[in-house]
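Position chain R against the provided structure of chain D, taking the given hints into account.
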Amino acid sequence: MRRRLVASPGAWVVWGAVTFFFVMLAGVIFSVLVSSFGRRWFDTWLPESWTGQWYGQAWREFTLPAVLVVTIEVSMLVVLISVLVGVPASYVLARKKFPGRRLLYLLFLLPILMPPITYGIPLATVLYKYGFAGNMSGVVLANLVPSIPFVILTMTPFIEQVDPAIERAARMCGARTWQVFARILAPLLVPGILAASILVLVRTVGMFELTFLTAGPDSQTLVVALYYTMSAAGIRAQQSVDAMAVIYTSMMLVLLVVALRFVNPTQLVARVKEDVD
Amino acid sequence: MTEKTALRHRLAERGVDRQLLLLLPALLAVLILFVYPFAYGMGLSFQPDEGGVLGAYKNFFEDAYQRDTIWTTLQLALPAAFLNVAASVPIAYRMRGRFRGKRLLTTVLVVPITLGTVLTAEGLLNFLGPTGWFNRALLNAGLVDAPLRLTNNYWGVFLSLVITGFPFAFLLILSYLSGIDPTLERAAATLGAGWWPRFHRITLPLLAPGLATTFCLTFVLAFSVFPSAILVGDPAGSTRVISIAAYHAAYEAYDYSLASAIAVVMGVVELAVVAAVLGVRSLFYTGSTGGKG
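Top line first, the protein sequences correspond to chains D and R. One point on numbering: in my numbering, the residue at position 136 of the first sequence is 136, and numbering is uninterrupted. One point on numbering: in my numbering, the residue at position 147 of the second sequence is 147, and numbering is uninterrupted.
Only chain R is shown next, with the shape it has when bound in the complex:
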């Protein structure tokens, strides 16, 4: 008995006591609904009907139509994420102070996030289509001779990724920028630094962690593109992204082994990009962002 009490005390000292039971429901939910299915899927991916343990993976990588989906997805997601972050930085930099209408502006920027991909797709089809307002305006202004083809191809999907991804990136960058102590920059200005040295010697290094996080999250968002690639894209050709391949394998070919293999490949590719970005980021400044951040 005494030994048991002692053990409980020693555990409690290290932070293990009955309060940890409060974690149990959440832990169980994540284990049952996330970890177990993932492990199950991984198991399935190694048990194809034919071709041995790695048969499903071999199928995926040997078939150019399947293998190229990785490249197609990266070609969409990387430029979109990059553009969203790159455009957000100067705009957020300019808007980090207080000005009239800032609350309204940020509110309007939230709208596309809530619209979701399906509605954005529908709107893009109407607006950018051959007889939509955008092409009509360009034709009337005499800028183009024939309507631009902006839907049902790469550009439709790309624009839908920008419309949903840019506000997300912008709001994140804005919150990171307002976490940087403004007195640091004022001190640099007092010492005679112009706006460019102030930006790239003070703000940018402090923003680097935020930039990396934002890029990763925006990339994850763009990488999982699915409905808009089907609706505004060209799902059989130039925008056949990897999630479409996984979906087709599971629900049209009923090859769950291949579908799980594709899902695993998708996760690995995504985590590799995230790891690469975070790796590059660790080469830069790490530490406090000076106060509020």
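Chain D with its partners taken away, still in its complex shape:
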């Protein structure tokens, strides 16, 4: 269908609003980027001269390699555990009707609906009580709270799409439950599991509150380290904070590009059925 070239006033307003939003967004991102490469930037459009020194400084002084390693370790562990725990649960929720199913669903929905701070503070208190908080196990445990329900909610529709007749056929041929899982369901569910893992990965790398509440000095992920350098901005040069922010953004962008190879953008926020026509 060809659109008319002369747009109506309504269209102008809509496109104007979208453009304005993108200009703001670009301004936000590029001002951080430009600042991170600038030597001195006070009252001019662009910095006086350019340099890459802030990246070197961020690398050395903020112990960035260690922070990156922690970030990767934490998010990988969270992804692995939440998939292992979440997928079997979503299988049962997708396939079986049993008493209390709706209640259980609501229970799995709650951690996603509540603000992280509301359960993060009591959770951190409990974790400190049992000696988990302040190190990596606490960070992983805290991040599992929204991640497991998230895997369950994203995986359930994927499992519903798999024809139950295939499983019944496998059972007729004598497969046990774990065999059905390993040899029939797992290969069919690979795209769904990949999608769920990447979404969990993006969420965990970006999760601030829970990690902030449970992390100790050597178990900070990149966001939390970034927050600490920002709140101590008086001590550090603004530009090196910006350099760190740019490193964080590029890491997120790489993840995002990978994610979008597997997931439709709208799925990042909600599950939708793709229109086939």
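Simulated from the structure, these hints should not be mistaken for lab results. Every clue listed holds true.
Label pairs and their in silico Cβ distance ranges:
hint	chain 1	residue 1	chain 2	residue 2	range
1	R	Pro205	D	Ala170	41 to 47 angstroms
2	D	Ile72	R	Thr131	35 to 41 angstroms
3	D	Pro157	R	Ala276	25 to 31 angstroms
4	D	Lys129	R	His200	51 to 57 angstroms
5	R	Gly43	D	Trp12	53 to 59 angstroms
Sample of chain R residues facing chain D (criterion: CB under 8 angstroms; computed from the structure):
hint	residue
6	Val30
7	Leu33
8	Phe34
9	Pro90
10	Val118
11	Tyr256
The following residues of chain D were derived to be distant from chain R, with all beta-carbon distances above 12 angstroms:
hint	residue
12	Gly52
13	Gly56
14	Arg60
15	Glu61
16	Ala66
17	Glu160
18	Gly174
19	Asp218
C-beta: ideal position from N, C-alpha, C; glycine also.
Frame of chain D, contents of chain R only:
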């Protein structure tokens, strides 16, 4: 023995069998890591050092500095959520068809979601600050005489909520809109309905459930605002939101009882707003959205 088998059969008929054990790890995780801490926190909130069972709550509600955080948070979160949803509807309505660059547009919209609040805060400080590009452009264009103060106050936090919340709301609304059967609207057009009656008699009622869900999720996102309220806001004054109050109570005053009480109040207020929205929504059309949705 026979009785035992019979019981197992009867249970299996109702869907209770050994397969339910697969639920156990997830259930345990949620019970241990979510329900137990929440209950523990609730217990703590009723055991303050002084003031009896409701002492912590009394402290919170009697101290205006603490009590007002509820209002401050709602003042930020409700308009932000409302604006995000209200702006998304016309834009998504216009973009629900297919056009070149749609995939690119939605991809670019995902960027702010992944940026996270901390980076958005840093960017806003640079971009909207007194010597940032935005104020510089306004000054050069002669629109303002002095730089607008947009950071370290209400507006900084509000804009950060819009930047992270709008794409989220937009993508959700877009997915709901594309779930509505387009033939319904075409039928109305055939019968002579203009675009406004088509929108508000056909699309809007079908969109109502999606609107309510989107508003709730966007509101939850905005209500839990924490890092940006500290970084681009005025955390001691106009943007002292309730999560800051909870954090201060727990990690600066070490009053875990008060912190837990604030967390409980926060959860209750949030769930009340969500319940109110869903209640209003149930007054409108409920049912199928015509096919794909």
